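> Residue-level listing of the chains:
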Amino acid sequence: MSNRRASRLLVLTGLVAASSAGLCFWRSPLPDDRTFQRVTGGIGLGAAASATWSFHLYDARTESSCENEMWPIPGGICFSPYHGATVADMSPLDPHRPPRPAHR
Amino acid sequence: MQRHWSLLQTAAANLAANSRVYGVASAGLFVALALLLAGIAISEGLKAQAVDAVAGGANVYCTWDTFGRDGPVPIDQVPALQKIDGVVRVVPRIIGRLALGERMVVVVGVPFEELLREPFPLEGRLPSSGAEVLVGREIAQELGLVTGQRVALESALLRVFTISGIFTSTSSLWSARVVVCDLGEAAALFGEEKRVSDVCLFTRPGYEPSVAEAVLRIDPRFRVQTQALVRGYVLRGMTLREGIFTVLWAMALALAIPASAMFGHLGHSPRRREIGLLKAEGWRTADVLEMVALENLFVSLLCACGAMIFAFVWVRLLRAPLIAPFFIAELPLFPSLSIPARFLPLPLVLSFVFSLVVTMTGSIYFTWRTAITRPADNLR
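Heads up: the protein sequence lines correspond to chains A and B, in order. First residue of the first sequence: 46, per my numbering; consecutive thereafter. First residue of the second sequence: 322, per my numbering; consecutive thereafter.
Here chain A stands alone, though its shape is the one from the complex:
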């Protein structure tokens, strides 16, 4: 009885390990995005589905830093609840770049 249970557990462990390893190496397709990006010129980079609080978290190309750092208290703390709170936040794009020209 004990041996049978032990064998079952060994088989179960092997199956679970093999399945999870298989999932890691299986390249499932990402959501189809290229057409949307080509047609709109490219929009969306960050871990936000919209720009309710800030365009920076939605797409740092359209706003290089979080607007909540400048409003309602310029230079004060950032009031956006999502700033630094998501799994893949974007840091400001090149904070050391001179005001103009932007490209170096």
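No wet-lab data here; the hints were simulated from the structure. Computed from a predicted model, the values in this text were never measured in an experiment. Each hint should be verified, as a subset may be incorrect.
[Unchecked claim] Derived list of chain B stretches under chain A, where covered just means 3 residues or more per stretch with a C-beta under 8 Å from a C-beta of chain A:
no., region
1, 408-416
2, 425-433
3, 437-447
4, 509-522
5, 617-628
6, 662-668
By construction, the Cβ of each residue, glycine as well, lies at the ideal position given by its N, Cα and C atoms.
Fit chain B to the given chain A structure using the hints.
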């Protein structure tokens, strides 16, 4: 070799016989690992999709320097950009934000001919005139919008549009809450006829740097970002963030050590008596330690691999219900679109190592202390 095989079988039998105790002891570890793996998979998926989005977008983005910040570009600057050598396509855009019902949406205005450039994965059809718009999946679901319905968008003035299409559930995360319309309509809507949010330049291969420099020569007030620059920022920013997330989660995982120890060993007197009995039967301390280590190996394997399968089903198949807004801002608790996720081998290996550290830390020292105690004291 036979001895190790026997110990392995004994460990498996022990685990099967005490499956409830081990189940409770490793529940915290399992949940923490599942969340960690889901988080890393979403982060990796987002990174992959962002890189894909950068590659699918324009080569050069131009905004206008306004008080040292990114500002809208005067529309009269656009013809000069079209004349730059190497530029094949110029797309001026208006990207704005306004309320639709009680929800905030991103309005993307692009020239009408761009919308018709290639077919979208849509429910419905592409707009046939400026009076029609495309709507994101999430916002359509939240507001109960369907194709053919009329919606009013209001900013500087109020415009009524007809929804011609809704993005499909497999479309990108960033199209979830957008309204895509004609550039002219967006300009009228926001009352900004003479400025656009930015200008996207598509260039011939290899012309990206020279076009960027040419834009700055036209007017130094242009702020320019190239595709290569943005790609670099995306990879660097997201990788750094993911690392911080993993470190924070590793600290949370450390809490599983006392939980595992309390449930599995320290507070479990049958375990002490069992070790006492084994010692009384003539087992060596090394044998007892090896058996417990093998038990931990089983638990760690089952926890890490089970958490991986659970996270996969949760994120990829069920679309991350309940945890989606924790990882991606502005998503509802039950998203209707596919969450970008990529499950990689390294997080699985790390999870297994974490589990092993947690279970070993919680058991090996106690087992050793018990195994070197006189069996009579343990059986008392």
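> Confirm or reject each hint.
Against the structure, the hints come out as follows:
1. 408-416: holds (count 3)
2. 425-433: Answer holds; 5 residues pass the 8 Å Cβ test.
3. 437-447: Contact hint for the region 437-447 of chain B vs chain A: holds, 5 residues under 8 Å.
4. 509-522: Satisfied; 3 residues make the cut.
5. 617-628: holds (count 6)
6. 662-668: holds (count 4)
Going down the numbered hints, you'll see the structure goes against none, and every one checks out.
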